[in-house]
Amino acid sequence: MKHNHIWIASLGISLEQLALEDGTLVTCIPDLGPVQWRRDKLIGEMQFTRNEPYPTSPMNSADNGLADTLSLSFNIYLVQSRAGNVLIDTGIGNGKYRPDRPAWDRLNGPFLAILEGLGLDADHIDFVINTHLHADHVGWNTIADSSGVWRPTFPSATYVTPARELEAMLAKAQATSNSSNLLHGAWQDSVMPIIDGPGYLAVQPGEIVAGLQTIALPGHTSGMIGLILGSGDETIVFTADAIHHPIQLPNNAPASNFCMNPEESVQTRIKLLETCALNNWIIAPYHFPAPAFSHIKRNEANGYEIKPFVLPG
Numbered sequence: 000m001k002h003n004h005i006w007i008a009s010l011g012i013s014l015e016q017l018a019l020e021d022g023t024l025v026t027c028i029p030d031l032g033p034v035q036w037r038r039d040k041l042i043g044e045m046q047f048t049r050n051e052p053y054p055t056s057p058m059n060s061a062d063n064g065l066a067d068t069l070s071l072s073f074n075i076y077l078v079q080s081r082a083g084n085v086l087i088d089t090g091i092g093n094g095k096y097r098p099d100r101p102a103w104d105r106l107n108g109p110f111l112a113i114l115e116g117l118g119l120d121a122d123h124i125d126f127v128i129n130t131h132l133h134a135d136h137v138g139w140n141t142i143a144d145s146s147g148v149w150r151p152t153f154p155s156a157t158y159v160t161p162a163r164e165l166e167a168m169l170a171k172a173q174a175t176s177n178s179s180n181l182l183h184g185a186w187q188d189s190v191m192p193i194i195d196g197p198g199y200l201a202v203q204p205g206e207i208v209a210g211l212q213t214i215a216l217p218g219h220t221s222g223m224i225g226l227i228l229g230s231g232d233e234t235i236v237f238t239a240d241a242i243h244h245p246i247q248l249p250n251n252a253p254a255s256n257f258c259m260n261p262e263e264s265v266q267t268r269i270k271l272l273e274t275c276a277l278n279n280w281i282i283a284p285y286h287f288p289a290p291a292f293s294h295i296k297r298n299e300a301n302g303y304e305i306k307p308f309v310l311p312g
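Per numbering that gives the first Met the number 0, the sequence shown starts with residue 0, numbered consecutively.
What the hints contain is simulated information worked out from the structure, not anything from laboratory work.
There could be a bad hint or two in this list.
What the hints assert, rightly or not - Straight-line Cα separation of at most 30 Å, DSSO-like style, residue types lysine-lysine; simulated pairs:
| hint | residue 1 | residue 2 |
| --- | --- | --- |
| 1 | 296 | 40 |
| 2 | 296 | 1 |
| 3 | 40 | 1 |
| 4 | 306 | 40 |
| 5 | 40 | 270 |
| 6 | 1 | 171 |
| 7 | 1 | 306 |
| 8 | 296 | 270 |
| 9 | 171 | 270 |
| 10 | 306 | 296 |
| 11 | 40 | 171 |
Take the sequences, apply the hints, and build the full model.
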């Protein structure tokens, strides 16, 4: 496996990419970030002192990880393999009205231009997988046409999401008197156009989609999935929102404030980290800024630590 950085000169953007021995390429494309997020808004109060072992990374301040803000990205992963071109989650999207999330509001980012810089246009995407249906994971599902109508961005793609997630959100929308505000507005502009248009392929954990094995990662939402690609030392796990930041690597770290079932979320996270550490798997986290691709190592002091790849050159 090779770990490279891909330079798109026309945009002045550098991207992390893993190249597997079978020719599969996995590219991390930040739709937004890194941005600073208030620590108490993400995970609340951590019960650490300055004398305790603490997970450090380029994403924390030098103040022993106890900064008031944390750096987050919103990473879309492009997998190019014999099975086709796959997007894993679709970020925040452009032009989406998100008044209660100013950092997401009516963005005008270069995601489609980045795809073009990689030699792809929207018609070349074969699968779009939403690991769950939160607003920051479904944004590029749709774009507005000349009339302002939200339509699928990738007309040739099969859109995929967990069956349990879809069922739960449909029930929530049905029970909501005004679904226009559901998911900060993403239900109306990024999810319903898929349901009413091409429809979702609803999958169960364990199913294989475009060479990717789906795995259950409940807690953040009831139906969230992760994905496993490859085998042996070339196994990559797309962790969705099972972990948001290295600050959560200790076993006693809480879930994020956005997790529906915090206790289950913590159990899922610890089990996932244990599995990745035991098998030397590579994680592809949704919210880690570059370098995102990392190994997880057991830290006997208090849980786990990350060992990011080092970009060459």
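We went through each hint and held it up to the structure:
Distance hint between residue 296 and residue 40 is fulfilled; the C-alpha atoms sit about 27 Å from each other, no more than 30 Å. Distance check on the hinted pair: residue 296 and residue 1 sit about 20 Å apart at the alpha-carbon level, within 30 Å; holds. Taking the CA atoms of residue 40 and residue 1, the gap is near 36 Å; set against the 30 Å cutoff, the hint is violated. The suggested pairing of residue 306 with residue 40 holds, with an alpha-carbon distance near 26 Å, which does not exceed 30 Å.
Note on residue 40 and residue 270: the hinted pairing holds, with a Cα-Cα distance of about 25 Å set against a maximum of 30 Å. The suggested pairing of residue 1 with residue 171 is violated, with an alpha-carbon distance near 44 Å, which exceeds 30 Å. Taken as a hint, the residue 1 and residue 306 pair is honoured in the structure, with Cα atoms around 16 Å apart against an allowance of 30 Å. This hinted pair checks out: residue 296 and residue 270 have alpha carbons roughly 13 Å apart, not beyond 30 Å.
Straight-line distance between C-alpha atoms of residue 171 and residue 270 comes to about 29 Å, which keeps the hinted pair within the 30 Å bound. For a cut-off of 30 Å, the pair hint linking residue 306 to residue 296 stands: about 7 Å separates their Cα positions. Distance hint between residue 40 and residue 171 is fulfilled; the C-alpha atoms sit about 24 Å from each other, no more than 30 Å.
Consistency with the previously given hints fails for numbers 3, 6, ordered from lowest to highest.
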